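Chemist: Between the sequences and the hints, there should be enough to build the whole structure, so can you do that?
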Amino acid sequence: MTRPVLLAPPEHRWECARCDFTDVTRQSGPHTRMHPCRALGGLTAPMVPAGTRAKVEVHEREDYIGRDLVQMHEGRPVMNVTVTRDEGTDAVVFAPTATNLVRE
Amino acid sequence: MAWSNSKIFMAFIEDCLENTAALDLNSDTHKAALFDNTITPSQTVATASSLYGAGVWASGEKTNGGWSAGGLALGSVTSTFSSNVYTFDAADTANGSAATLTDVYGVLVYDDTTGDQGICYNYLGGANAVTAGTLTIQWHASGIFALTL
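Chains as they are written, first to last, in this note's numbering: chain A, 630 to 733; chain B, 7 to 155.
Keep in mind that a hint or two might mislead.
Derived list of chain A stretches under chain B, where covered just means 3 residues or more per stretch with a C-beta under 8 Å from a C-beta of chain B [what the hints assert, rightly or not]:
#1 660-668
#2 698-711
#3 718-729
Derived from the structure by calculation, the hints contain no laboratory data.
Values in this document were obtained by computation on a predicted structure and should not be read as measured data.
Just so you know, even glycine gets a beta-carbon here, dropped at the ideal spot from N, CA and C.
Modeler: Here you go:
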């Protein structure tokens, strides 16, 4: 009688296209590793599979801030960080906090 | 008109305070759905028009791959107050399987347990896109929504 064997989740090696940070994940489903990128002043950026050529870009918010609490980077409001690979694009989009005005 | 700001639905606040609906930010399932710029969200709409799939939210949803219709469930939700600030927050929200999306301008956060009632909407500030990849919504350090009283 054969005994069931648990297969270990596959190992994924990641690297940042902007800084020298590397990591390893063991997760069976599709996923993308994120990290606070040192080269981007701590902004969260997607990592790419080790050995993948990629371009990392920070995009400024395209509209007025108004009263929204937005993510700032080097004094400017940031909309997203995108990573462009040969096969596609990943993005971390920074959502502002929703608020209501309460007057005293 | 189009997206212009990030707001909490007034109907949500009223329905909580008046116990009109059993909205429970602690334990309900909440979802975040992506929308394009063809809609003009308003914080003052009645409850019926704040629901996912109703009012302006009846069209303009962006779906593909892991970002399926109805959006993604929020994980690790927290509902807390400190000093005079109430904060609703969650872990970053991202698709598992690859998605191709364009013109993602904003997010509707709604209560999937209690009639899909809208809680708030968050304007992402412009056209966001991914191609065969992951679109992660990183919620602001001050939360998905915050009430300062």
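Chemist: Hint by hint, where does the structure go against what was stated? Just the numbers, ascending.
Modeler: none
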